[in-house]
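S.K.: Residue numbers (this note's numbering), protein chains in the order written: chain Y, 1 to 105; chain X, 1 to 361; chain L, 1 to 440; chain B, 1 to 369; chain E, 1 to 216.
Hints may contain errors.
[As the list claims (entries may be wrong)] Restricting the straight-line Cα-Cα distance to at most 27 Å, the calculated cross-link-like pairs of lysine-lysine (BS3-like) are:
(1) X:K196 to B:K283
(2) L:K153 to B:K290
(3) B:K37 to E:K187
(4) B:K290 to X:K195
(5) X:K196 to B:K290
(6) B:K37 to L:K153
(7) B:K349 to L:K359
I should point out that these hints are in silico values taken from the structure, not numbers from a laboratory.
On a predicted model such as this, the values are computed, not experimentally measured, just so you know.
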Amino acid sequence: MLNAVPLPAVLTLAAALFCIGLFGALSRRNLIGVLMGVELMLNAVNINLVAFWRYFEARYITGQTFAIFIIAVAAAEAAVGLAMVIAVYRHYVTVQADEIDRLRG
Amino acid sequence: MMEPPFEIEIPRGRVIEVQRDDSRVRRGGGLLRGMAVIWKHWKESFRLNRSYSQIHGTFTIQYPEEKPRIPEAYRNMPILLYDDETGHELCTSCFQCERICPPQVIHMTQAKDPATGKPVPAVAEFIIEYDACMSCGFCAEVCPFDAIKMDHEFELSTDDHAQLTVHKAQLNRPISYYASIAPTMWAEVRESALKKLQGNIRRRPDVIGIAPHLTERIAARRAELAAQAAAPSPAAEPASPPAPSAPTEARKLTPEEKAAKLAAIRAAKAAQAGDGVTPSAEGGTPAEAPPADDKAARLAAIRAANAAKKAAATDAAPAATGEPTTPTPADDKAARLAAIRAANAAKRKQAADSVDTEEGS
Amino acid sequence: MYDILQALINGTFGWGWPDWLIYLISSLVVVTIILVVAPLQMLFFTYYERRVIARMQDRIGPNRVGPEGIWQPIADGVKMFTKEDIVPEAADRIVHFLAPCVVVAPTILMFAVVPWGPGMTPVDLPTSLLFFFAVSSISAVGLMMAGWASNNKFSLLGAMRAVAQMVSYEIPAVLSLIAIVMIVGSLSINSIIEYQAGLLISNRDLPGIPDLGLGWFVFTPVGFVAFIAFFIAALAEGERTPFDIPEADSEIVAGYMTEYSGMKFGLFYLAQYVLNFLLCAITAILFFGGWQGPGVNWLYAQAITPTNPDGNGLFNVLAGALGVFYFLLKTYIFFFVMVWLRGAFPRLRIDQLMDFGWKFLIPLTLANLFSAAVWVAFTRWGAAEGMLITVGWSPVLRWLAAFIITLAINIGVYLWLTQVYAASQAERRRVELEELSATL
Amino acid sequence: MLQTQELQVNIGPQHPSTHGVFRMLVTVDGETVVDLKPVFGYLHRNHEQIAEANTYLQNMPYTDRLDYFNSMANNHAYAMAVERLAGIEVPERAEYIRVLMVELTRILNHASAVGFMINDMGAWQTPLAFGMREREKILDLFEMASGARLMCNYFRFGGVARDLPPEFIPNLRELLVALPAYIDELERLLRDNEILLQRAVGIGILPREVALSYGVTGPVLRGSGIPYDVRKAEPYSVYDRFDFDIPIGKVGDVYDRFLVRIEEMRQSKRIIEQVLEQLPDAKGGHINPKARQNVRPPVGDAYARIESPKGELGFYLVSDGSGKPYRYKVRAPSFINLTPLADMCRGYKVADIVVILGSIDIVMGEVDR
Amino acid sequence: MEVVVQITFGVIAVFILVAAAMVVSVRNVIHAALWLIACFFGVGALYMLLEAEFLAVVQVLIYVGAVSVLILFAIMLTRQITGEGVRQLTNRWPVVLAIATLLFATVLAPTLINQQWNVPPAPPLGTPEPIAGPAELGRGFVNEFLIQFQVVGVLLTVALIGAIVIAYEERARRRKVLTLAEELELKRLREQTSPTVPAPVEAEPVVQESRSASER
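Extracted from the complex, chain Y is given alone in its bound form (with noise of 0.2 Å):
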């Protein structure tokens, strides 16, 4: 793999994913695509960690431990978000972002 794959291509690749993943969140009216959106941003960035970790110490775990410390993040951003999205899905019976205009309860 070291010899294999340069280092840029994998993180060109993370760098793609994030890309796209930052249009998702951007562009999706839907709340759940929102948090898809995220959730592949939050990936870009664990490969990137992965990629460090394994092209620079691979014998030391820090970069690893970075890593599963985002995915409990992102485990726990999904389930917030999620319970937020059918909290407002019973409030204004929609999970279109930009239909939820309303202050009032």
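Starting from the known structure of chain Y, fit chains X, L, B and E onto it as the hints suggest.
M.R.: Same frame as chain Y, but now just chains X, L, B and E:
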């Protein structure tokens, strides 16, 4: 909730409240007890068990190999009985069953004497729609002649719906069959049933009232005998095929008929013992040629003549087809002899009572 | 497999093939074996289940096709194959088609880490246990796809129930495994099996115990509670009675399988039975020593292994055969228990199932986790880790202390939890009534 | 669950647990039943109209088909109605045989009803298989006596179709050995079963006053705690000669009905034992020889009711003096017990519907007629 | 061997990118979620290729097994399942697309590619390279990263509770369908007009009444 069980006295009993015991803290003991019950069943299931008093063991009947135990009273589909000895059906077409049948699946037509057009106590056609029959057994119960009974046969499945409209020919079973499936039930009614049958046979002319698959054979044989009787004049024509299968089939006739036929054959044989021209088809008779038995031969001849007469007079259809084509198995002499004797006998007997009564008694 | 091939080809025959070729061949052989064995297990299980449950109900079961009906599953398979494949008009065709594949694939993948005998692990991952459960959770996605793509209320309801059940019961399953993982100190299934050598007591816990391959975890209080909890969770994950709610035919017809027919339905069936096999197998492995049994270790010590390349190949075969025999025997016994439960019990309602999982099993396994920590502390820790009480105790005393303390903890927690669980249900009823009266 | 919208779900008419062609239009809120509309009539076969076109005797096999589990009980009610109408005496031995048959019917009905209910709870056939095993033995006895297992058509006006065959009593005595063992085993298997308790206790409560107002009868009514049993309330046939208890429930939930059925099986067994003790040994006493089967009752009407295993089964007949009933009406217990289904299911979960339905123990042949 | 790795990497990379592109572009939200799962798988495979086995397994366990199921659940619970005929992208999506593309094309990619990374040389073939495995990770979590580990644990707990609190529907707002027994209970309580004394068990009065009825 744990109160003492509630109950009060009422006449001849109590009102008891079921013990619920559902508020106790449970720790899975009930589940384990249930599993123990199932385990016992599993363990015991390798033993075959047919006893009513046990609840363990395998009760399965391996069906096609092993038939279920069928009690005598079992009723599935109605069948019609006929007498083994005479071939006469017990049914007199009294229409009782047709009337009682709740789903109205029994249909019958009464036989008529072709000569007089009067109804005869016999059934011409009898149809039961098995597909709509509900096996209630009323027809068997109501039948005054014990002619219709409930069969034990249950493997009736078919892919042909039309087959389930069952006609008389398929409904007929010999009494001996019913006596074998329901011995005690038949024993109860045997006497009266047979007595009534005898009374009815007396009122049935010719083959009417005889089980159809027997009727044909009987008719064929009678036609044959009639041809024999009529043979004297056109006797010159020799028969090209020696003997058709009819006589062999006729061997399955009722004993009475058989005896008559046997007698005729023997008579013929005896008449021309020296010739040695024994029709091959009659090889089924006992090998040792008995001495000429005049009486038997005469009896046969009488019967033949009677049949011939009747056939010629009334039942034109089978006779007409049968007479010219039926080849005479015996040769000239025998035929002539039989014819002469028949004629004599007929003359003699005509004055007397009906032939049938004498023969029957 | 790789070791044996290596020894056979380069050692015995001396052909000197390159490593990667041997590696490729061994992988191909293993993959082939798994792909053949998995459906065969499923076929056998369907037959086995039907026969056993028939016996429990005083019947005989299928006995027409072949001797004692042994070809019945083949006949069923032929029937499945020849049936018309019906896709509902309103279904999402692609997802409808993909769903059974997504359900089957992980179950086959899980075979990759299941050791069949000594040295007979297809892939010896250091994280194999985690892999097993990670992959098993994928099939939930397949169920969801099936339920949604069928465009049928019953299917969707069934799929949601199935997934909710699988996700909730994964937690007690994994928690009960963590107790074992704590004691062993490894996520590798192989090291868990190796730990269970001994006689009633693992010889890792108490060195000097003769190795009869019987030092199973189930004989310890921690292992026993973990086993019960895991087996219950496995029943729920494998959708077996009393947790077969997703396909409760008396309620929601056939759950997510309602709109499937023909071979796609057969694939769901395959997945379910293969999953059942795997769950029984993993139960046998984790708590009953897998292939451990009298004689296996002794035979394997003389076989060709990476540490002992000069061994005798015959002993590989012998140890393998004996190990596979023990392993399959245990697995089939667990499947028998599953069938037994199916024969004995009705099923729970979905909310009762969730209650049971979240309010009873998870606390129980959490307490068991504590017991496992106590166990490790007493049997292994010394002064360095801060366990000053046990300093100077003999291993037997340590083991005994650990046994008694964990036993007391587990029994106490069990009794307390049943009490609390029953009380909580009564409490809920009472609270509802109070609310009711408050609305006056 | 998290859903808040109401959803209409059709359970049936083709559904594994509706006990025939029965449809329930269920409105659910999440998993909770908000409303339930029972829709029946899919099995309507014009029973009463057909009966008015048939003679009195011809109707006897049709009554078999009402509640096809309990043909003997149906026969009994119908025969009693006609006997009242036409004033036919029934010999004592015939009465005892009738009671024997109806009590056997009760056992087989309850055995299979409990089995089916547990099946609806999701057990994989086992309690049902055990119940069916006992049922088979009883059906064998029916076959011996009447010639048919299910559609017995055994009763006639003034008695029964034929006397008990000689092998009947020994077989019955053997069966009486097995029955308590079976009932005890069933209790051991299910009574304390935690899963069954979870599914049955507090589910489908039919309070006493509601049960009364709906006019339900049989184990459903007794499960609600009302000790009403036609056998005691208006002893017909020879029921006043037997000692037996009436089990009643406490709460009126599924569990009570289950327990009441089990206890009733025990009581039926008691009655059968007493029948065997008291059975008069009169040959030919199985039917009143003076009773004509093609009755032409005088103008008038008659109502006869019995405690069928499912509840109070009544036949109302009006005669215009001809051989056919002028009016023929069945008071079918299944039908009337089914009417409170909507009220019983409201507020419970969807999965409880089938259990509640199973605990009512309906037969669609009787509901739709 | 290197070619194999390169091809594998290429396949995985294309798979991830295509799946991600589908996630953000398909109309059907369910399909998007399924593509998301595919993307997670691809990332997991990439971790495998990077020899982070534990992480790969965790990726499958958490993302595929939990997060995506959660997403699917949320989609199904919100009942706008297919989204056919509903616009899925906002009005300004071309702008966003432009931003994202520009970000990638002008900032990220050139930087990453042109940057001189001081990658330590790979060890010569054959010498096993020590790679941190699950055991080291575990040790790390209870030693160097103990605080962080506990913070994550707290975070997860808080998130769990928070999610429940957010999604929880108050019982008062939830529609309560009364069962028949409860209805009667309510009526009885109303008649009693003493709501301070709740009935001990729901079934008790029935028992009382049945007793008096049978004693009559």
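S.K.: So which hints don't hold here, by number, going up?
M.R.: Number 2 only.
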